[in-house]
Each structure stands twice: as structure tokens, then as C-alpha cells.
Amino acid sequence: MVPLSWYLTFAAALFALGLYAVLARKNAVAILMGVEIMLNAVIVNLVAFWRYGNPADIAGQAFAVIVFAVAAAEAAVGLALIISIYRQRATVMAEQIDLMKW
Amino acid sequence: MDLSTLLTWLIPLPPLLSFFLIILFTHRDKRLSHSVALGAIGLSLLFSWTVVFRALRTAHFAEHPFAASVAWLPTGDSALRMGVTADPLTVVMLFFVPLACFLIILYSVGYSNYGKPRDDRDVPGSAPRHGVEPMYSRFFAFLSLFAGAMLVLTVADNLLLLFFGWEIMGLCSYLLIGFWHGRNYDNPAQITPRAAGVKAFITTRFADVLMLIGIVYLYSQAGTLNFREIFFSEEIMNHLLHTPSVIGGLATAHLIGLLIFAGTVGKSAQFPLHVWLPDAMEGPTPVSAMIHAAAMVSAGVYMIVRMFPLLSAGAGADGGSPTMTVMAFIGAFTALFAATIAVAQNDVKRVLAYSTISQLGYMVAALGIGAYVAAAFHLMTHAFFKALLFMGSGSIIHGVEHGIHHTQEKLDPQDMLNMGGLAKRMPVTYWTFLIGGFALSGFPFITSGFWSKDEILADAFAHGHWWVFVVLLLAAFLTAFYTMRQIALTFLGEPRSESAAHSHESTWTMTFPLVVLAFFALFAGFVGVHSDFPVLGELLGHNPFEHFIVGALPHHLAGIEFNWTPVLLSVVAGLGGLGCGWLLYGRRPLAAGQPDPLVAYLGPVHEMLAGKYFLDELYDFALVRPAKWVAEVVAFRWIDRGLIDGTLHTIAGAAMRIAAGARWFDKWGINYPSDKLGDGVRASGYSFRVIQTGRVQDYLLITLSAVIAVSGVFFLVLR
Amino acid sequence: MSATPIIFLVVAALTLAAAFLVVTVRNLIHAAVWLVAALFGVAVIFVLLDAGFMATVQVVLYIGAIAILIVFAVMLTRRVMQDVGPQRNANWWLGAIVAIVFFVAISSLLWRTAWPALPGGDVGDTVLALGRSLVDPNKYVIPFEVASVMLIIALIGSIAVALPGKQSE
Chain B
1 MVPLSWYLTF
11 AAALFALGLY
21 AVLARKNAVA
31 ILMGVEIMLN
41 AVIVNLVAFW
51 RYGNPADIAG
61 QAFAVIVFAV
71 AAAEAAVGLA
81 LIISIYRQRA
91 TVMAEQIDLM
101 KW
Chain U
1 MDLSTLLTWL
11 IPLPPLLSFF
21 LIILFTHRDK
31 RLSHSVALGA
41 IGLSLLFSWT
51 VVFRALRTAH
61 FAEHPFAASV
71 AWLPTGDSAL
81 RMGVTADPLT
91 VVMLFFVPLA
101 CFLIILYSVG
111 YSNYGKPRDD
121 RDVPGSAPRH
131 GVEPMYSRFF
141 AFLSLFAGAM
151 LVLTVADNLL
161 LLFFGWEIMG
171 LCSYLLIGFW
181 HGRNYDNPAQ
191 ITPRAAGVKA
201 FITTRFADVL
211 MLIGIVYLYS
221 QAGTLNFREI
231 FFSEEIMNHL
241 LHTPSVIGGL
251 ATAHLIGLLI
261 FAGTVGKSAQ
271 FPLHVWLPDA
281 MEGPTPVSAM
291 IHAAAMVSAG
301 VYMIVRMFPL
311 LSAGAGADGG
321 SPTMTVMAFI
331 GAFTALFAAT
341 IAVAQNDVKR
351 VLAYSTISQL
361 GYMVAALGIG
371 AYVAAAFHLM
381 THAFFKALLF
391 MGSGSIIHGV
401 EHGIHHTQEK
411 LDPQDMLNMG
421 GLAKRMPVTY
431 WTFLIGGFAL
441 SGFPFITSGF
451 WSKDEILADA
461 FAHGHWWVFV
471 VLLLAAFLTA
481 FYTMRQIALT
491 FLGEPRSESA
501 AHSHESTWTM
511 TFPLVVLAFF
521 ALFAGFVGVH
531 SDFPVLGELL
541 GHNPFEHFIV
551 GALPHHLAGI
561 EFNWTPVLLS
571 VVAGLGGLGC
581 GWLLYGRRPL
591 AAGQPDPLVA
601 YLGPVHEMLA
611 GKYFLDELYD
621 FALVRPAKWV
631 AEVVAFRWID
641 RGLIDGTLHT
651 IAGAAMRIAA
661 GARWFDKWGI
671 NYPSDKLGDG
681 VRASGYSFRV
691 IQTGRVQDYL
701 LITLSAVIAV
711 SGVFFLVLR
Chain D
1 MSATPIIFLV
11 VAALTLAAAF
21 LVVTVRNLIH
31 AAVWLVAALF
41 GVAVIFVLLD
51 AGFMATVQVV
61 LYIGAIAILI
71 VFAVMLTRRV
81 MQDVGPQRNA
91 NWWLGAIVAI
101 VFFVAISSLL
111 WRTAWPALPG
121 GDVGDTVLAL
131 GRSLVDPNKY
141 VIPFEVASVM
151 LIIALIGSIA
161 VALPGKQSE
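Chains as they are written, first to last, in the numbering used here: chain B, 1 to 102; chain U, 1 to 719; chain D, 1 to 169.
Everything labelled a hint here was simulated from the structure, so no lab data went into it.
Every value quoted in this text rests on a predicted model; they were computed, and no experiment measured them.
Careful: at least some of the hints might be erroneous.
Okay, the calculated bits of chain B under chain D, using three or more residues with CB under 8 Å as the criterion [claimed, not checked]:
1) 9-15
2) 59-69
3) 72-79
Just so it is clear, CB atoms sit at the ideal spot from N, CA and C, and this is done for glycine as well.
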């Protein structure tokens, strides 16, 4: 049997990798890829808890399905934003998008 | 309340009202003002004589005097009562005081030159040259106030109300003596009316303080100030007599008596406080008449006559109380002292002033030897003939001033050496003045002055007060002498100046009062003729005056036996004085430029007499200058400027320094750190700005680092 | 020993390796491809967890839609991608530290906790149950509808954002 903690650790590792991508990558699309990985890790967590908690109660999976939807929507909007920024500023480097400052 | 008591309440009211009316409403209209004043005093006169009449007709009046009072000041269970009373003594006063005041106010109409046009050169505040008095209405207002205050004093039934009237009269004396406040003299030694008013007020004020102490002391010991309650109560009188006072050896009654007598020493100008009275001559003549005959000085004597039971408490048939001894001494001394000064005076009014002081000394001495009736009698007769003499002198002065106006000479109209020969030019004034002068000298039998003065001497003789008798006799001689001197210098012979030659008789408003007073000066004496006097005693009802007035006393006062010796001696003194005066001045009247023969006879003594024994100079040196020094240096410089202002300046300086310190603290302790704090915050803000790169990744990093740090703290440290 | 743990370990290792490559390679197209591989690995994990439907949805949605979308975005913003320098920004080391600390903290927590054991018995028809619960008014129809609305909004919004707009390209 696979202990639950293994799944959770796996999800944590995935999350950490996604986090690294968000924090350390230059390209905005790469950052978005990191976000997708993080969301994926969350869904793995949810499903694992569903399976090891009460599989009869389908609420866990329903939650995960909703998260999927959210992730999809968020990816779409994010990419649209990146494209729009690219059009305005001719760049997708996160360093150069720095208007939110003094 | 029956009519008599009601009238007694109303007597002082009209003149007081007239004062306010004139001041507030009628002062622009001269005729209305003097009419109001005359009407008011006339009303008082009417009321007074009604009360007198009714009192005389009441049987056993002495036991049931008219009296009424109101509770004026509630003090716990009881109340201090104020009221009026008309007992025999008051009735006597009410006979002559309102009459004299009325005549004086009538006289003032003429004296203030009513009817003459206003002289444009006259300035309000200076004596008028020849036109109507510029401050006409004010004069009548003040005279009314004076009369009102005197009447208040007369009808008062307690010492406090008497004191009110007393003090208001003091104020009026100041106002009236200094009436011509703007008048100044070239000679710096001559006192101005302004200074004379202050002198009068301050001197009498000093005496009044002692009197007030006496009144308060009496109230504290007796619990009441009502005359009848104190004097007719055996219990209170005994308590006062037998309680030792704060001064060892002196009973309370005697100490109170002395303190209250001090008030009379001031008000009635006895030695040593007589100095104000001669200088009070700076006031207009009606004022002199009022003050020195009818009202003020009479008030002083009236008060000690009223307080006689207290002053004489403990006096047996053999000796008097200590208070009486003091009074007799001061009175007799003053009588002689003033008479000697009067001999050497040249101002017509000053002779009369010293004469007044002398006569008041007679009355005080009379009380000192226990001659209650004689003192009251002399008070009444003196009021008549002295008022007459003063008003006569005013008429003389007016006449000479008229002459000066004619001839434009630069003369003192009051100097007798500039007069002479006025008998022909001013006959009414001459004859009335003669009558008054004879009354003053005690011309035998036909003048009232004789009877009253004789009674004092008789009493002194009968009770064996030899020193008093001799001194008073000597004073009588001198009185007659200087009176004759005055008459001769003024009226007899030839005029010694052009102005005197051009003088003329005064208007009827001035001469009518003289005639009325002359009548009384002649005939008022007959009510007090000794009951055992041959022929006249029986004829005139056995001394009705004495019978009437002794009722005011709680204990029966024994009368004296009739004796020819004092009568004859006083006749000799009186006629002798008149004769000497005539010899020196009347037989060969002085010609112009001729010096006073008395100067030659007396030599250096004359200079001392004319200089009033240099008492004013002594007072100035010993009292006035030190007082001024204290005021200027101690009070003003040291205490006011140095201590009080110094304290204020020190406090203010300290406050300023504290303020400066606070300012320093504010600037450096508060502003500076706050500014530096603000700068520091700004600087740190500037240095922290760099964190805001605008990059999301950096923000995320910071956020997550903070989260890790906080959770680390939570999980590892704060387990 | 059953096969599940071994399979799990292998798949997990591969997935993590792919994810690692996603976050480190310089060429974004390569990163996108590795992302597909990682997502595929996660789908297998879903199967291991008896969530077949989730695995299907993962493949269809994530790989089929999102990953393709990412590839499109990469291509559309490619002109600037000519420089293939290091794709790490200035503070990458801090990011690494944060990620590592995060992982260590969570996994230490995880290892301390006593988790329940796997419940026995068959899971049953999850698809049916899931479908039913998503339309059951007493269950999760509302989140379902809200999610639908949210998707519409995202759709419209992204079109609006990405439109050429006023300025010409």
C-alpha cells in the first residue's frame, strides 16, 4: 500500500517546483507554466485526500473538478494578458513589466 | 402713627429731596433751584415748629417723647432699629436749627447776586466778581444737603443715625468750604479754598475715627445704640460704669465718653483740632454761617449734650467723672486760647471764626462742670447771634466788594483795616451787627447772650470750679474787647478806603434774615432766666427752659441757687471789655494808614497772637510733612512701586523666563526631534523605496520570505 | 510486495524530473514539451488514485487545451525569444531557497502527522456519482453553474483583453 504521505510529499515537491518557476523565471509564459504546475499539484492533493478519506463522498472529486475549471480559465486569461502586454510593450520579460511601483 | 411722630419722620426729608431734585433736574434754572431749596427748608421749618408747638402743649412730654422706629438691620433674633425721636432736647434744637437754615438759604439768594446778569469774566469755580454766581444751583443743592443732614442728626434716636448725619455734614463741609475750588491766591502762605476744604475734612475725619471707635465700643458693651434705651436703663448704665475698660483705671463708660468727645473736639473745633475752622472762612459766607452757627459746630455740642448721662456717669455731687474733667479743661482752655487769637486778627470773618471756637469752648466747659441746662441754653442763643454776625459780615463784605467794583482798587474786601464808616452807608447791617455783637459780649439784661453766658459762670461759681470760672471770665472780657474792636474798625469813624466809601446796603433777601435773627438774639434769652432772679424770674415763668429740658435726662438734675456774685462779675467783665475796646478803637477811630494800636501795646506778643501761636506751622511740620513723606516714599515708592510692582515685575519676569524656557524646550525638545523623526521616516522611506521594483516576482519573493519567517517563528520558537 | 508503490515511485520520479526540466530549460518550446510530459505523469498518478475520470480530464483539458495554449503563446511571442540567454532572473537563488524551505517545511509536517490508512473496498462508479452530484440541487449544482459562468466570463474577458484594440500592430 502507498501511504498517503507519499502522495502528499509528491504534491508538495511538485508545488515547490512550480513555485521556483514562478519566482525565478524571466519569461512570463514560463511563469505561467509554473502556475499550471502548482495548480496541478493542488489537484493531486485534493484527489489523494478524497481517496484516502471517504471515497464514497464524491465531494472531493467535485472540488477537484471545479479547480480544474478554474485553472483552465485562469490560464486562458493569463495568456491573453501576456499577448496583450506583448503587443503594447513588445516584451514578455517579467523584469521589464514594472509599472506597479513608485 | 400720630401726626407728631409722622412729622418728626418727615422733617429731614424735604431738604434731602431738594438736593437730588436740584442736582438732577433743576440745575439750569436758577430761580427754580432756589425756590425748590427754600420751599424744602420752609417745609422742614413748618414741620419742626408744628412738632415744637405740639410738644410744648403735651403734658408730661418728657416721659412720653414722640418716637418711632423701624427694624433696619436684622441681626439674628433681634434687629438694629433706626428711628426718630422728639424729646425735649430735640425739640429745643428743632426750634432754632430749621429757622437758622431757612434764613441762611434765603440770605444765599441775595449773597449769590441773584438778579444780576452773569459777568462773562466769571469762571465757574472762582468767586464771582460782580455778576451772579456761576455755580448758583449747585450752592443751593449743597446747602440743602447740609440742612438735611443736620436735621437727620437732630431727630435721630440712636447714635448710628446721628453718625450718618454727622458724616454727611462732614462731606458737605468739604464741598462747601471748597466751593470756589478754582480760586488761587498770589500769596503762597494763604490757604486756597480747595486746601481749606481738604483740611476741614481730614481734621474732622480724624476725630470721627475716634468717635466711631467709641460708638462701636458702646454697641459692643450695651447691645444697643438707642439713646433712650441706654440712658434710661439702670442695668446698662451700671454695667457700663462698673466694667473696667481696656485702659486700666478707667471705666468703660468714661472711655467711651472720651472717645465720643473726641468727635466733638474735631467737629466743634476745640483745641487741638481747631485748626480747620478759621481756614473754613474761605468758603462763601452763608456757608460760614451755616457751619459755624446753625449746623455743624452745633452738632458737635448737641451730641455731647445728648450723651451727657454717659459722660457724667458716676459723677456725684462733689466731683465729676474723668471724662467731664477732660471736657472742662479742654473747653475752658480753648475758650481763652481762641479769644486771645481773635484779638489780633484783621480779617472780619476770622475774628468771628475764633469767636466761635471760643464760645464752643464755653459750651464744652459748661458740660464739663455739669451745667447741662446752661450748655443747651448757650447753644441755642449762640446759634442766633453767631449766625447773625456771620451773615452781617457777609453783608459788609458784599458792600465793600461793590465799592471795589466801583473804584477798581486792588483791595482785600475782608480786611477790617480797609473798612470804616460803614454805619452810615449800611444802617440795617450796622444795627443788627451791633445787636449781635452785644449779645456775644454778654451785654447785660437785654441780650440773650448775657443770660446764657451768665448761667454758665453761675454754675461754675456755685459748684466751686474756681479755675474754670476765672478762665471763662477772662475769656468773656476778651470776647467783649475784640467784638468792640471789630465793630469800631468796621462801622465807626471815616472810611479808610475809597471802596468803603462807595459801599451800599444789601438787598432785602440779605437784610431780612438779619432783622429776624436780631429779634431772636434780643429776646430768645428770656426763656432761660434763672427762676430766682429778682422780678424777671417770676415774670418769665420760673425758667421754663430749664423745666422743659431737664426732662430729657433720666435723673433729676438739681438746679443752682441764685447768687449775685457771678452775675456782677460777668457784667463787669462784659462792660469792661466793651469799654476797653471803645477806648482803643472807638473814641478816636483809626484813620487810613494808621497802624493798629494794639501792635504797639503788645509788641512781640501780638505777632504770636496774629500768627495763631504758629500752631498750623507746627502741625504742618510735625504731622502733615511726615504724612506726605510716608505717602510719597513709603507708600508710593517703597510699597507700591517697590514691593507690589516689584513683586509683579518679578513674577512677570519669572513667567517670561519660564516662557522662554518653554519656548526653548518646544523648539529643541519637541520640534527638533519631531522634525528629525519626520526626516528620519522620510529618509527610511526613501531607502525602502527600492524594494518596490514594480516586478511581481520580487513582491512574491518578499511575501513568501516573510511568511516563512513568521511561520518559522511560530513553529520553532513559540511552540 | 504489490506493484502500486513501485509504479508510484517510478511515475513520481519521472514526473518530478519532467517538472524540473520545465522550470530550468532555456528554450521555451522545450519547456512546453516537458510540461506535457509532466502533466501526463500526473494523469497516471490520478489513475493510481482510482480517479479515472480525473485522469481523463487531466489529459484532455490540461494537455489538450492548456498546454497547447501555452505553446501558442510561446510562438506568438517568439520574436523576442531569439536571445536564448539564461532564463533565470536576478533573484533566482532566493526563489530556490524559498521553494526548498517551503518543501522541507511542508514535508516535515506531513511526516509527523498520522494519516489514516487507505479505506478498503471498492470505490464504485465515481463518474456516475460525480455526474449526479454536479447536477443535484442538494449537492453541487450551484458551484457547477458558477463555474460555468466563470468560464464564460474568462472566455469573454480573454478575448477582450487579447483583441488588437485601438493601436495597430
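Inset, instruction - Between the segment 9-15 of chain B and chain D, see if three or more residues pass the 8 Å beta-carbon test, and mark the coverage as holds or violated. - result: holds (count 6)
Inset, instruction - Take the segment 59-69 of chain B, compare each residue's beta carbon with every beta carbon of chain D, and decide whether three or more fall closer than 8 Å. - result: holds (count 8)
Inset, instruction - Quick one: see if chain D covers the segment 72-79 of chain B, three-plus residues with Cβ-Cβ under 8 Å. - result: holds (count 7)
In this structure, none of the earlier numbered hints is contradicted; all agree with it.
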